[in-house]
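Add chains B and C with the ligands to chain A, keeping to what the hints say.
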Amino acid sequence: MKRRSNFANLVTVELRALLLDKWTLMLMAAYTLFTSAIFFNESFRNSRVQLIGHNLFITVTNHYLPLFLILMVLVVISPVFAADKKDGVVDLVDTCRNGKVRWRLSKVAAALLYGIAIVLVGFLIAFLMSVLSRTPLNPDSIAFETNKPALMLTNAQFFVFSFFMIVFCTCFLVLFTLFISSRTSDLLIPLAGIAMFVGIEFAIFSFGRPYFLWNLNIFRLFVPWYLLFDSLPPFGPAIRTLIIILSVLIIFSVVLTFLTLHADRKLVKVTNVKKEESKI
Amino acid sequence: MKLETHNLTKNYGEKCAVDNVNLEFEQGIYGLLGPNGAGKTTLIKMIVGILPPTKGTVTLDDTLISKLDEKYRDLLGYMPQDIGYYRTFTAKQFLEYIALLKGLEPKEAEKKIDTLLDMVGLSDAKGKRLGQFSGGMIRRVGIAQALLNDPKILVLDEPTAGLDPKERIHFRNILSELSLDRIVILSTHIVSDVESIAGKVILLRLGKVITFDTNENLLHSMEGKVWDATVTHQELDRLKTQFTIGNAFQKDSGFEVRIVSDVKPTENATPAEPSLEDVFIYHFGGLDYDNI
Amino acid sequence: MTIFRMEFHKIVSKKYVWIFAIVIATFYAITLSGSSSSSSRFYRKALQPVFDEVNAAAYDPAISSYIVEKQFNVTVEEIKPLLSPEIEKTIESYKGQTYQRMWEKVKDYVVNLVIRIDERKATIAKLEASPNTPLNRYLLNKYTNMPKIQANMTKWDSWIDTNKSVLPIVIAFVILLGTSGVFSDEYTSKMHGILLTCKKGRKEVFWAKLSASALFSAICALIFQLLNAIIAALYYGVPFTNTPLNSLTLFYQMPTTLSAMELYILEILGSVVGAVVLSFVTLCISSICHSNFLSFFISGIYFAIGFILSNALEANFEQGGYISRLLTLPGDVSTFSLMSLVNVLGNGKVFATANFAIPTVLLTIVVQAVVFVIAIALTFYFYNRREVIA
Ligand SMILES: Nc1ncnc2c1ncn2[C@@H]1O[C@H](COP(=O)(O)OP(=O)(O)O)[C@@H](O)[C@H]1O
Ligand SMILES: [Mg+2]
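Protein chains in written order, with this note's numbering: chain A, 1 to 280; chain B, 1001 to 1292; chain C, 2001 to 2390.
Simulated from the structure, these hints should not be mistaken for laboratory data. Keep in mind that this is a model prediction, so the values were computed, not measured.
Calculated Cβ distances over 12 Å to all of chain C for the following chain A residues: (1) C96; (2) I125; (3) M129; (4) R134; (5) S141; (6) P149; (7) I251.
The list that follows gives simulated cross-link-like pairs (lysine-lysine, DSBU-like), each with its CA atoms no further than 35 Å apart: (8) B:K1092 - C:K2199; (9) C:K2200 - B:K1055; (10) B:K1225 - B:K1251; (11) B:K1002 - C:K2200; (12) C:K2045 - C:K2142; (13) C:K2015 - B:K1126; (14) B:K1111 - B:K1126; (15) B:K1071 - B:K1092; (16) B:K1107 - C:K2203; (17) C:K2095 - C:K2105; (18) B:K1092 - C:K2015; (19) B:K1067 - C:K2200; (20) C:K2164 - A:K148; (21) C:K2045 - C:K2164.
In this text, a Cβ means the ideal position worked out from N, Cα and C, and glycines have one as well.
With the rest of the complex left out, here is chain A (with noise of 0.2 Å):
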């Protein structure tokens, strides 16, 4: 009992600390300011925005919160373990008794939890403006009835899919930003590497190529709408591609987790050494 409300304490002091990130509340302005500029200023709509689904909510929760949330992933997240190798913290917490696998897991589940809490967040702003500025999404149409999709999904539906892609996805790069964070003390390598694999992961997706990169995409999840519609082979109907997809990145979630609640003393020497080389 008493151990347990140790951990859940630790996780809310890692979470507090993640949420209050000068970085979190930086870019959570700029959003909200971004919507609010979408939403109420029309000549801003007009020549910078493109319409998704004839819908404002649709397109601020479909198109732009993502990059929000990438940026925000990027910036806050890769330092959670690199910073604390960094500083030589990392020694000193794995010999205290909640040092080693358990301080790492409480880093992940706040980290993850925040994941969620940024989608949320974004999620409910967008909401509110869209409440606020009285145009609402009529919850009972089918979503993108216009483009026949594949999957018939009413507007409060689709909303609900699109919030839990986006927060599958959110976590899967929080946690791929904590491996690589993991295994080095140069801050820039997490914050590099992700950028890295975001564009290019972007870059596969607005060419269309490779054409099974492009199913596998995190961006499919991030611009949920894409799932609606059937796929080529081999990944074929809606379902059936959303299936392999979810499937996929669920394995690597929890290959990238155990990695890195793994990222044993031993590794961290490995790592920090070749660093120190690679590092002027």
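Coordinates of chains B and C with the ligands only, in the frame set by chain A:
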């Protein structure tokens, strides 16, 4: 050659780290003594010209050091408290690099580096990467690096921190050999570092200079104020509340303590030969640093 | 050993820079592959010998007036007798459907070219009739002095297009990786104090760092341009002849008198110069920040804003526009624009007020030159004046 500070002041926000310091340095070794947080590092950074003062100036022979710029730095050897280094460089490469920055001729630098590495006892490790050095070895590299250009003004910020006793003594010997015709400023919170070699001692407290005098004068001023006594545990507790206590050793017969006091503290106290440590304790109060 | 060489060594000895560069280059090659279909490549190659005949036909008054009369709806059979027998000679070696398709293509090229020539005449006529504003004078001057449009049979489109967005991003990424730590690493490794107290540790080190970063970025830009050229040569083939920029679909009807090759060379030049400017901005940020992490992130945002302003946001609404508005101007003069040049220079963008009209690219150059100088000055200031915390 005369290095002077005029009303040198540095504020960090509300906090005054160095407060209106006026000092004059000529040839010889100067010990800058003060507890942690007294402002030694801040003062030194302003003297070597890497920290802009809030107020006041530093001059060399009546010329502002910022005006002398390169000429001043040509005379300067500086070892920071927290010495930086490139992990991937070997000791030799690192010194070569610094030699380059100090504008030494490659040939001359080569010779100088070898002698210095020899002097600090790192000849065997000169091909090793600095990332694999121990803390003490790094500091010795730091000392060598400061001496590369044969500086006329040598400024060392806590150079002996992290050195073992043998290295410390060795280092002190190096310094006293060097002190001819140059200014050596040496900051430390360890009294024994400067005790035997510093010609003049500057005591710094809360950013203010409280004394600036020769070693002998300081010791002289302490005569009759230092006492040795053997006391019981209860007596020690009582003495602690009234006097400034230096070292206290537990012996079979009780505690052998050193007391710094203007008056005779107890009946059985005997006058003792003052040391620089007593001066330090006299000004900064025993082991209790809380209100310094 | 010189200070410059040491500083350069510090940048290039970071292993992760090279690892990232290799990964990103690989993916660059992969995503670019398969972007041109093999059949279109085949026809382009096969029709290459009749390039001159096609051009001649479109400029033949008899043929063009015939096509215009028919409202540009002509069939192969109608036009075949009018064209040079050379074309038939080249094509007749192909059989069946290929032969048919080939003729269709030739017809399309000719008709297309006639349309363009016609449209340009119309544009000029319209400009002559419209009020005498600086902008109209500028455009009229450009349109009348343009070289003759040719059939769009070269592969310059694809070559030039690679510089539009992805390549500058890739180059920028590697530059940021290499240079974001140049100053901040000295702060983190606590060498700052030692450097500043060395005789040559201020000015000389500063200039050495600057020139080493400039060299690094220039080399990066050139390497990636070379890689891009190799990939383009493999996928699209090397263009067989130079052609005026207006012949390309991308820059059709844009007020520019450049030729495709000129633009391509200028792109490479812009890429190198832009890379140097970007690296100096990064250095400036690096000299302010206490960690390479922050400086990488902030300079990344600096570059991304330029990119978004000049590309992503604009793409939906003003694709192909050649007028710089106040709205697009920030993007047009950004460092990204200098590195890409496709948008500002290729489109021949022009900025006009009531009193004057100037090519936007001049503004880009001026603004970037100012950025360059300010970056150097600020970097020098911050490197020398930053409080040494060690
Ligand atoms: N960069 C800084 N910002 C704020 N306060 C500082 C800074 N550097 C030093 N100080 C404060 O100035 C005082 C003197 O510090 P320092 O010169 O490092 O002392 P010393 O070297 O004698 O131990 C300390 O109280 C310290 O907290
Ligand atoms: Mg200090």
